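Trainee: The residues making up each chain are set out below.
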Amino acid sequence: MSAVREKKRTSRLGRLGLLLAAAGIALGPLVALAQTQIYDAKTGKWVDYDKKKARQLYARNKQLPEAFQRQVVPFRTAEAPGTIIIDGNQHFLYLVQPGGKAIRYGIGVGREGFGWAGMVRVGRKAENPTWTPPPEMVARDPNAAKWAAGMPGGRPDNPLGPRAMYLFVGDSDTIYRIHGTIEPWTIGLDVSSGCIRLNNEDVIDLYDRVDVGAKVIVLMQGAALYKGV
Amino acid sequence: MKRRASIVLLSTAFASVFAAVGAHAADLVISAPNWPSGQATANILKIGIEKTLGLAVDVKPMGTMNAFVGLEKGTVDVQPEIWRPNFDDLVRKYVDEKGAVTLAGKSVAAWQGLCATPSAAKTIKSIGDLGDPEKTKVLDTDGDGKGEMWIGAPTWLSTGIEQVRAKSYGYGENMTLVETEEDVAMAAVDAAVATDQPMVFYCYAPHHVFQLHELTRLEEPAHDAAKWKLAPASDPLWIEKSSATTAWDAAHFQIGYSSALTAKRPEVANFLEHADFTADEVTQMSYALGVERQEPLEFARKWVEQNEARVEGWAKP
Numbered sequence: 001m002s003a004v005r006e007k008k009r010t011s012r013l014g015r016l017g018l019l020l021a022a023a024g025i026a027l028g029p030l031v032a033l034a035q036t037q038i039y040d041a042k043t044g045k046w047v048d049y050d051k052k053k054a055r056q057l058y059a060r061n062k063q064l065p066e067a068f069q070r071q072v073v074p075f076r077t078a079e080a081p082g083t084i085i086i087d088g089n090q091h092f093l094y095l096v097q098p099g100g101k102a103i104r105y106g107i108g109v110g111r112e113g114f115g116w117a118g119m120v121r122v123g124r125k126a127e128n129p130t131w132t133p134p135p136e137m138v139a140r141d142p143n144a145a146k147w148a149a150g151m152p153g154g155r156p157d158n159p160l161g162p163r164a165m166y167l168f169v170g171d172s173d174t175i176y177r178i179h180g181t182i183e184p185w186t187i188g189l190d191v192s193s194g195c196i197r198l199n200n201e202d203v204i205d206l207y208d209r210v211d212v213g214a215k216v217i218v219l220m221q222g223a224a225l226y227k228g229v
Numbered sequence: 001m002k003r004r005a006s007i008v009l010l011s012t013a014f015a016s017v018f019a020a021v022g023a024h025a026a027d028l029v030i031s032a033p034n035w036p037s038g039q040a041t042a043n044i045l046k047i048g049i050e051k052t053l054g055l056a057v058d059v060k061p062m063g064t065m066n067a068f069v070g071l072e073k074g075t076v077d078v079q080p081e082i083w084r085p086n087f088d089d090l091v092r093k094y095v096d097e098k099g100a101v102t103l104a105g106k107s108v109a110a111w112q113g114l115c116a117t118p119s120a121a122k123t124i125k126s127i128g129d130l131g132d133p134e135k136t137k138v139l140d141t142d143g144d145g146k147g148e149m150w151i152g153a154p155t156w157l158s159t160g161i162e163q164v165r166a167k168s169y170g171y172g173e174n175m176t177l178v179e180t181e182e183d184v185a186m187a188a189v190d191a192a193v194a195t196d197q198p199m200v201f202y203c204y205a206p207h208h209v210f211q212l213h214e215l216t217r218l219e220e221p222a223h224d225a226a227k228w229k230l231a232p233a234s235d236p237l238w239i240e241k242s243s244a245t246t247a248w249d250a251a252h253f254q255i256g257y258s259s260a261l262t263a264k265r266p267e268v269a270n271f272l273e274h275a276d277f278t279a280d281e282v283t284q285m286s287y288a289l290g291v292e293r294q295e296p297l298e299f300a301r302k303w304v305e306q307n308e309a310r311v312e313g314w315a316k317p
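Residue numbers (the working numbering), protein chains in the order written: chain R, 1 to 229; chain W, 1 to 317.
Honestly, I wouldn't trust all of these hints.
Said to hold, decoys possible - Below, computed lysine-lysine pairings styled on DSBU-like, alpha-carbon distance capped at 35 Å:
hint	chain 1	residue 1	chain 2	residue 2
1	R	101	W	146
2	W	122	R	215
3	W	93	R	101
4	W	146	R	52
5	R	51	W	93
6	R	51	W	137
7	W	60	W	93
8	R	215	W	302
9	R	53	W	135
10	W	122	R	101
11	R	101	W	135
12	R	215	W	60
13	W	122	R	53
Everything labelled a hint here was simulated from the structure, so no lab data went into it.
Fair warning: this is a prediction, and the values are worked out from it, not measured in the lab.
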């Protein structure tokens, strides 16, 4: 894993800052800064929310910042209950509920974003999924090379965690999955290799609520992913 | 959607069986487009005609282009929502030139342009504001300093015109224009509103998004036909060759029907000429089907029941 990319996200920070300020723990609306910050209530200071800091805070608090914790939020949409909406830019996954609500989960996404936007579906679900490292990871990482043929599920070091939901276009598996993590402090950051990661309690919760066939909408995230003109 | 697809498949299977034995010929066929209000209207017309005129009416899902072909061939009798100016090319061909299709006299006022979420509307109030990079940078989601804006689905006729407008007004220079399916864009609006994010996007009314969210329509100069110079879309370079520096022309939509109906079933032509809906009613239809997920046929039954006298009036000469 490399360090969090330093990407200017001032507009997002401003909006998310307001949201989190209301929740008590906040990302900062700091227009001049180029990376995620959170408010450290113990020291009363705003601190960079990068991988190192996220790990320190997680070790201390044993939980994610409140905004990234699972919660029911107001969410008005025309999408049917059971639909998943993934907002990689804000690091939220919404599971639409009846009555103008959604369950919102914090997510970690890829270093370069999710890579695409569009509509897919949950084509398959698996408990304790086998992890097969991609060839490029096998080539550069001796630890991954050991598991080139697949790491069995259920191991504490399996990067997919306890559950995985495989995203399909029609009947074809994409390379993308919604899965758990062995690095829960990375929720809220852009550090994975492209998939959507939830902490393990959350991925079990989502797994139990989602049916195979569920519609998944991946929102536009970053202009590079759009069909620009 | 899956259930709807299954129904379509089943209907097709049954239609084939009946065709083979020569049974079940509906008196009329109404085409249903794939947007909610069009589906509601198709079914309201079906129930209304069946109830007041005693005819058997089928509703068949199909796109507008196929509906026009069917209206000419005689396999389709009615298309419930023909949007203007969007389908003007088809109207020119089938209504003006061939005389195969007739547009009912009553129409529903419609609108299209650009909308802003409440957070965006604090900074961006008019189309002129889009040309100011200092203002549009609040719409930036990837850190490149340029705001992003959804301009429509890749297949829509309006999407190319929004490209022309962005080029002509000049904001295409400082913004990234996005094309993707409407469901993705509408979910993005939902997420933006839920977290008070700024977002600007192409929008049209009647549409249930206005029932879901408090949106601001961006101000722009009133439509001036002299300032809309669109090259034919058949020209691969039509976007570069076109220019549009005012608002869209006021839009509207009408019921279209096969001109043959006037002689074959004048009572139906009379009914369609009298059928009228307000823009508010169409928004409610869009919301009922698109958000509340009411079944179109069931919704139509209730609507006709609640508007019984009015629908009976449509059948009177």
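Trainee: Straight-line Cα separation of residue 215/R and residue 60/W no greater than 35 Å?
Mentor: Between residue 215/R and residue 60/W the Cα gap is close to 25 Å, so the pair holds against 35 Å.
Trainee: Has the given pair, residue 53/R with residue 135/W, been kept, meaning a C-alpha gap of at most 35 Å?
Mentor: Holds. Residue 53/R to residue 135/W sits at ~33 Å (cutoff 35 Å).
Trainee: Going straight from one Cα to the other, do residue 215/R and residue 302/W come out at no more than 35 Å?
Mentor: OK: residue 215/R and residue 302/W at ~29 Å, within 35 Å.
Trainee: Holds or violated: residue 101/R with residue 135/W, Cα cutoff 35 Å?
Mentor: Roughly 32 Å between the alpha carbons, so the hint for residue 101/R and residue 135/W holds.
Trainee: Take the C-alpha atoms of residue 51/R and residue 93/W, compute the straight-line distance between them, and say whether it is at most 35 Å.
Mentor: 62 Å, violated
Trainee: Does residue 93/W lie within 35 Å of residue 60/W when you go C-alpha to C-alpha?
Mentor: Holds: residue 60/W and residue 93/W sit about 23 Å apart, inside 35 Å.
Trainee: Hey, residue 101/R versus residue 146/W, does the alpha-carbon distance stay inside 35 Å?
Mentor: 32 Å, holds
Trainee: Under the criterion that the straight-line Cα-Cα distance not exceed 35 Å, is the pair residue 51/R, residue 137/W satisfied?
Mentor: The hint holds at about 27 Å.
Trainee: Measure nothing beyond the straight line between the CA atoms of residue 93/W and residue 101/R; if it is 35 Å or shorter, mark the hint as holding.
Mentor: It is violated: about 47 Å lies between the C-alpha atoms, which goes past 35 Å.
Trainee: Need the status of pair residue 122/W, residue 215/R: alpha-carbon distance at most 35 Å?
Mentor: It holds: about 33 Å lies between the C-alpha atoms, which stays within 35 Å.
Trainee: Does the alpha-carbon distance linking residue 122/W and residue 53/R stay inside the 35 Å limit?
Mentor: At roughly 34 Å apart (the allowed maximum being 35 Å), residue 53/R and residue 122/W satisfy the hint.
Trainee: Please verify whether residue 146/W and residue 52/R have alpha carbons no more than 35 Å apart.
Mentor: 30 Å, holds
Of the hints listed earlier, those the structure fails to meet are numbers 3 and 5, in rising order.
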